[in-house]
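Trainee: Place chain B on chain A using the hints.
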Amino acid sequence: MTEKSSITLRINGQEHSIAVEPRRTLADAIREDCGQTGTHIGCEHGICGACTVIVDGEPVRSCLMFAVQAEGKAIRTVEGLAQNDTLHPIQQAFIDHHGLQCGFCTPGFLMLAVGVLEREPDISDDDLLDVLSSNLCRCTGYQNIIKAVRAAAAEMRK
Amino acid sequence: MSSPETKGSGLKWVGRAIRRLEDPALVTGQGRFTADLAAAHWVRFVRSPVAAGTIKGISAPDGAHVITAADLSGVKPIVPMLHKFSYRPVEQSVLADGQVRYVGEPVAIAVAASEEEAEDLADLVEIDIDETAPLVDARAALAAGARQIHPQAPDNVILEGNVETPGFDGLWNSAAKVVSIEARSRRQNATPMEARAGHASYDAPTGRITLTCTTQMPHLMRTAIADILGMRESDLRVIAPDVGGGFGQKMSLCAEYVALVWLARKLKSSVAWTEDRRENLIASFHSRDQYITLEAAFDSNARLLALRADIVANVGAYSCFPTTSGVEPLMAMAEMPGPYDVQQYRCRARGVLTNTCTMAAYRGVSRPVITFTLERLMDKAAAAFAIDPVDIRRRNLIAAFPYTSAMGLVYDEATYKETLEMAVEAIDVPAFRARQQSARAKGHYPGIGFATFSERTGYGSPAFAARGMAITPGWETVHLTVDPSGFVEARIGSSPHGQGLRTTLAQIIADEIGVAPELIRVVHGDTDTAPYGWGTFASRSLVISGGATLLAARKVRAKLMKIASHMLEADPEDIVLESGAAKVAGTDRSVTIAAMAREAYTQTHRFNGEIEPGLTESGTYDPPGTFSNACHVAIVAVDTETGFVKIERFLVAEDAGRIINPMIADGQVHGGVAQGIGNALLEEIVYDESGGILTANLADYMPPTAHEMPSIELHHLETPSTQSITRAKGLGEGGSIGAPAAVVNAINDALSPFGIQIDEMPATPQRIRAALRNAGRAA
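Those protein sequence lines, which keep their order, are chains A and B. The first sequence begins at 141 in my numbering and counts up one residue at a time. The second sequence begins at 1341 in my numbering and counts up one residue at a time.
These aren't lab readings, by the way, just hints derived from the structure by calculation. We put the beta carbon where it would ideally sit given N, CA and C, even for glycine. A portion of the hints provided could be inaccurate.
[Claimed, not checked] Label pairs and their calculated CB-CB ranges:
#	chain 1	residue 1	chain 2	residue 2	range
1	A	D262	B	Y1872	51 to 61 Å
2	B	Q1777	A	D265	23 to 33 Å
3	B	P1364	A	A294	19 to 29 Å
4	B	G2095	A	D265	37 to 47 Å
5	B	K1782	A	K213	48 to 58 Å
[As the list claims (entries may be wrong)] 25 Å max Cα-Cα, derived DMTMM-like pairs, lysine to aspartate or glutamate:
#	chain 1	residue 1	chain 2	residue 2
6	A	K144	B	D1460
7	A	K287	B	E1988
8	B	K1352	A	D236
9	B	K1902	B	E1829
10	B	K1396	B	D1463
11	A	K144	B	E1455
12	B	K1895	B	E1913
13	B	K1424	B	D1567
14	A	K287	A	E198
15	B	K1986	A	D270
16	B	K1416	B	D1460
17	B	K1606	B	D1402
18	B	K1986	A	E198
19	A	K144	B	D1567
20	B	K1986	A	D266
21	A	K144	B	D1376
22	A	K144	A	E155
Just chain A, same shape as in the assembly (with noise of 0.2 Å):
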């Protein structure tokens, strides 16, 4: 074990000040030392995308980056989406759309799908399946996730 260090991290606005090695990546810092197991974790090899959340507006898979280079830096994740007892657009139209099914992989398309439409609302269609095709789904077969972050789309542009 190596040394720890003491960091800050903020997450949905919250401030979390939490020790950690500097090997440890900001996954496991979000879920372990921070409590917001929301992120889930697929592959730990940036591929299928599980744990992407929002980093200074970017989406980010946070299993490639480390705890204290997040530091100072604005975290989103699925836990902030949320607005009190209001959800928000892209979790009603995966609701709506039936955009998941076990869940496991669904926070890190949310979140994948949030950072790219508050980024560039107006998307096109084939934009959108190359961001999508970022993130890996093992049970929807993509079409009702595609559908989903369409009406998404849609709805946030009102």
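Mentor: Positioned in the frame of chain A, the structure of chain B alone reads:
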């Protein structure tokens, strides 16, 4: 999308695409998965780096907490058992004891206070192994003189099934034409997005252990682990919390979970393990590694007379519990004739032990492989008779029901021909052929492929008993309670993990007792609260747990009618139960279910002994099984320069009986087709000659992404099942069963001008290019 309000009377909820009750928690990050639990101790399994050999020694740093087989005295080996098919009961030690038999086999356990420290420690554990040359391929393991992998299986054959219908030879010899195929299905990993994970904790006051793990079969995990460790079952509680996909990989017993329970008892503490993706790909269960030789005898009208099959399934290093490694070869043998009317059948099916990861169930179990084989053969036969591939299917599909197969399986009513015609019409074959002609003139190669198949679903204990399984699953029980506030809770033995069963069972209950699904909670996945049951696998839960739910709900309904009759002083025949109340028809007299429930618990003295107190009823269901069916059609474009295949269109015409929730049903088909497309084009676990795995991450083992998926067009027929009291048939596996055959048939159709045949899946660009190169050389 339907509104969630109750409308009128009669069947109000079944058949509607209501939103899933599971979803609000899952989209807000409030799902609870095994790896979310904290633990005092973390473990890392030290796995064999070599495929075969004898362990000479295991060394670890002084003072480190490392467990080996020598520490596990009194722990029995895992010995799955079949009482038929010359099955040889091979033994698997929880940690390798003396021999290692595949890369990834658990040899030792590193225990530490954190996951990282356990990983660091595991890196320092050295295993000295005297290596032997491994047997990786099933044919190599079958070869005369091949080294014996287990003492119980002298020729490396763990089981062998043989069938021959009376009169086979006579009819075979009368054939006008015999068509054959040598099919090869490469190895796959089911790849649930959540890999395996387990957490065992010790409860000091009771001495009980709670194992939380990502399983499809919590009760059977309890039974198996208690047996192996010599515990009372009641001292072990198994919880399957939210489970991130299973697809069959999570129905077998993992040695790792046995080890966690053993450790939690030893340490009197909590112990956790989260598998990483590499471990999942190399050491969780594999599937589909088969060679099938299939020959078909036809009369002069291209009518199928007889089938002859030789099935060789590579079952890996050990047998899986509870199904045993019979799961693939025996399923292939039983269902090879598929949707075709053929009464003469001879088959030899063998399970072959090798130095590879253990094979177990994966969505569709063997049927993607046998459907691939049979449907490729039908296309070859069509070519041999110079008739259309659709036409040869028309001539041979089963059309009269009930139909008893050559293997004695009874097919209930289905729509094999109707779904084929539906698909042919929708895809517009003549238009495609015209386009194909003009495309070929420009050097483009589109192709069309069909697959028709039957999908045996919802089968109870008699079907499993036919395999001679020492553990014979099948039935399901549901306990249904209306609590004193009128809220309804169903406790079920099935263990859904993405299938939406909480919603569909609530729909069934809602119709029966007249309450909205939002007032119904379905509880599952905890052996302390759910009745004993077999979990979720084999497209069984909606049929079997759904049937048990309906039976329990009918009893609750009958009791509510009695209570209503008593409270309203009305004849039961005049009472209707709907929208949360019992009403006397034609009057304004009514009583709510909540009031009746309160009465059932707190005012029983008024029942004068005529009604039993409380409001809980049980239903148990053990059906014979039913057959869903479908026709899949793929249109592909093959780039002959690169071997790249693009799926331009994918159409499914399917019949799964009565549909409880169309949205959920469609989702199951979409997901199955995606896995089938992965199976057809992309996914392959590759071993090298030394038994090492070359595909140990998701960049090398490639499940499809959104890019590879076409939009799937769905067409439905609903033939209510006579073998299922809800009239529903199962449909969890069909998508994965039909898609590989349809896609590879389409590739072959595309490449027909080159005179090549691709009878192997996945049909990767490398294989397509190799076939084209060889054809070019031959020309």
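Trainee: So which hints don't hold here, by number, going up?
Mentor: 16, 18 and 19
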